[in-house]
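So the sequence lines, in the order shown, correspond to chains A and B.
Counting from 1203, one number per residue, gives the positions in the first sequence under the working numbering.
Counting from -14, one number per residue, gives the positions in the second sequence under the working numbering.
Incorrect hints may have been included.
Heads up, simulated SDA-like pairs for lysine to any residue below, C-alpha to C-alpha not over 25 Å straight-line [said to hold, decoys possible]:
1) B:K3 to A:M1311
2) B:K312 to A:V1269
3) B:K164 to B:Q210
4) B:K164 to B:S234
5) A:K1329 to B:A(-10)
6) A:K1297 to A:S1312
7) B:K312 to A:D1278
8) A:K1297 to B:L316
9) A:K1297 to B:A(-10)
10) A:K1297 to A:E1380
11) A:K1388 to A:M1348
12) B:K312 to A:G1325
13) A:K1297 to A:R1283
14) A:K1329 to B:K164
Calculated directly from the structure, the hints in this document are not laboratory data.
Since the structure is predicted, the reported quantities are computational estimates derived from the model, not experimental observations.
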Amino acid sequence: MGPDRSPNRWPVIALSNIVKRYVMGGNDVYATRGVSLSVSSGEFVAIMGASGSGKSTLMNIIGCLDVPTSGHYRLDGVNIRDLDDRELSRIRNRKIGFVFQGFNLLPTMSAIANVELPMAYAGVPSKERRHRAEGALESVGLADRMGHFPNEMSGGQQQRVAVARAIVTDPSLILADEPTGNLDSKSSVDVMSAFASLHAQGRTVVMITHEEDIAAYATRVVRLRDGIITQDHHQTPSHPHESHLAHARQAEGSSALAGRP
Amino acid sequence: MSILANALMALRGINSNKLRSLLTMLGVLIGVAAVIVLLAVGTGSSQAVANSINRLGTNTLTVFSGGGFGGGTSQAGTQTRNAVLTQTDVTLISDPNSAPDVQSVSPVVTTSETATHQGASATTSVIGSTPSYLPASNYTVQSGRSISSADVKAHALVVDLGSSTASSLFATGSNPLGKQVQLGSSEFTVIGLLASKGSSGLSNGDAVAIAPYTAVQDQLTGESQSFSQLLVQGKSSATLSLAQSEVESILAAQNDTTVTNLPFSVLNQASLLSTATSSSKTFTALLGWVAAVSLLVGAIGVMNIMLVTVTERTREIGIRKAIGAPKSVVLGQFLIEAVVISLLGGVLGVLAGLFVVRFRIDGVQPVLATYSIPLAFGVALLVGVFAGLYPAFRAASLRPIDALRHE
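Sequences and hints are given; from them, build the entire structure.
This is the structure in structure tokens:
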């Protein structure tokens, strides 16, 4: 691994001069004040910053959950400004896989049904849906938990179900918002190993975090403060907490997802 | 995403909160059942009214002495009290030359007496008349014989008993024919038993004793010159109003007055039936509106619960939208949920309605109005769509970013 600058990469994210302005009590509040950022395919980027730095706003814009006040955003070559509500949901469905801090699984559905859900919205036939959901759950090491409901699983397991849900549609971008924020350190290692293995398979991952040792898994760290980028550097990822167990799981996950971009 | 998959998702939503879904359904259930039951009660009671009017006889006019029925005829005060229905009137009306559209005319004297037989007693209306009274008022003799013209001429103390009077006085299995029944202070011999006409809540047509009018006048009313009613049977329903004007002209001539000032009221069975039918239609419609109000309350219940559901599941909606659910799918999911709740409520309501309709309600035997089932069901469906539309639209319009932030 390491910072990847090989020529057959294309820009997945191209943000140019993104400004997001809110009106609060009659005053203009700027969440981002002109952020320009390009992320190439295969990168594993950690966006860091204290609360109020604008990183959540940036994440919502990158995830097509919010639109910027000004500036341009191209996701996988598509200009997001030109899209209506229906097309935005298509983009979220096909091109982005979300992993949230609070897992955000549907509590009334089993793990496999949760993983199938984005494919149901994409209109994938049910047999194929089941097959692909099984593959995704195996790749995050949850082959034996498919029928379990979220309340029957640990936080780490729930987050790995969320990771499976994020990758099952084979998106251009995996977008994670504080994925370990609600987890203990053991579960954090499990989840971060899953991300590291996704990166190893060539997937593009953008992760918001405020923890240095979580950011250490990334190949590139972007720091935000007061709505602007203050630092952007490439690094060699290190896995500070990695245990033998996590290594084993990573290897297992890699083989299950082999053959995918 | 297919409608079927969306419907399955909606069913899962309903299933995840069974008690609430059930209570919401109950609102629609009661509304739908109320529509069916109340319309059935309305239909049942209008049939009962029609039956009891038909029991008056077939193509009959009833002339009441003293007027006053329904206030339809006006009369000068002194004339009213003096005017009586006499044997001369009967003779004239039965003359085919003066009244060609009249089939028969039966003078009637009535009184209410307690009939007794060996200690058993029954309150019964005693009708004194002629043999033509029985066919004109749709009485048929089940056993024994009808009173005859000879009985009338002979002032014979004989009586035909209605089925409920007979069953009150005589033990089942015993043969009342030839037995003595005391009416007032006189003993009458039972010569015939009448088939049941059924009762309809208004009056019991079977609690009667029919005797020659001469005997009733002699023994019970003590009057020999006048009758309380004349029962006139027309030749056909088409000529009943002709018969009515013939009867009215004869009576007007007899009392030296005009038809408009006739001191008697003439009740035309056909016009009574049409009046009663139209008033019972109003009654049924009124009941229908009452039921519609309860269905409306059910609809508000569905809407209310769907709004609560949308608020409660805001986060779920946010998750679904974040992972790519388009507006139409979210709209469909909540709309289908409301429609399914309403339809299930509708089905259960129809079943409940069909069950309740089998019982008498307040003396009325409900008669299922077949149109009420598709009506109630269709309205339940509309309720679902309309009550679900606004909450579903609210859910679909939520911005995923706000919905995800919702705790």
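We went through each hint and held it up to the structure:
The straight-line distance between the Cα atoms of B:K3 and A:M1311 is roughly 16 Å, inside the 25 Å bound, and the hint therefore holds. For the hint pairing B:K312 with A:V1269, the CA-to-CA distance comes to about 17 Å; that is within 25 Å, so the pair holds. Distance hint between B:K164 and B:Q210 is unfulfilled; the C-alpha atoms sit about 30 Å from each other, more than 25 Å. Distance check on the hinted pair: B:K164 and B:S234 sit about 44 Å apart at the alpha-carbon level, beyond 25 Å; violated.
Using a Cα cut-off of 25 Å, the hinted pair A:K1329 and B:A(-10) holds, with the two alpha carbons roughly 13 Å apart. Restraint check for A:K1297 and A:S1312: the C-alpha separation of about 24 Å stays at or below 25 Å, so the hint holds. Straight-line distance between C-alpha atoms of B:K312 and A:D1278 comes to about 23 Å, which keeps the hinted pair within the 25 Å bound. A distance of roughly 23 Å separates the Cα atoms of A:K1297 and B:L316; the hinted pair therefore holds under the 25 Å criterion.
Annotation: proposed proximity of A:K1297 to B:A(-10) holds, straight-line Cα distance about 23 Å (limit 25 Å). Distance check on the hinted pair: A:K1297 and A:E1380 sit about 20 Å apart at the alpha-carbon level, within 25 Å; holds. Our distance criterion of 25 Å between C-alpha atoms is met by A:K1388 and A:M1348, whose separation comes to about 21 Å. Taken as a hint, the B:K312 and A:G1325 pair is honoured in the structure, with Cα atoms around 15 Å apart against an allowance of 25 Å.
Between A:K1297 and A:R1283 the alpha-carbon distance is near 16 Å, which keeps this suggested pair within the 25 Å criterion. Pair hint A:K1329 plus B:K164 does not hold up; C-alpha atoms about 87 Å apart against a cutoff of 25 Å.
Checked against the numbered hints listed earlier, the structure breaks hints 3, 4, 14; every other hint is satisfied.
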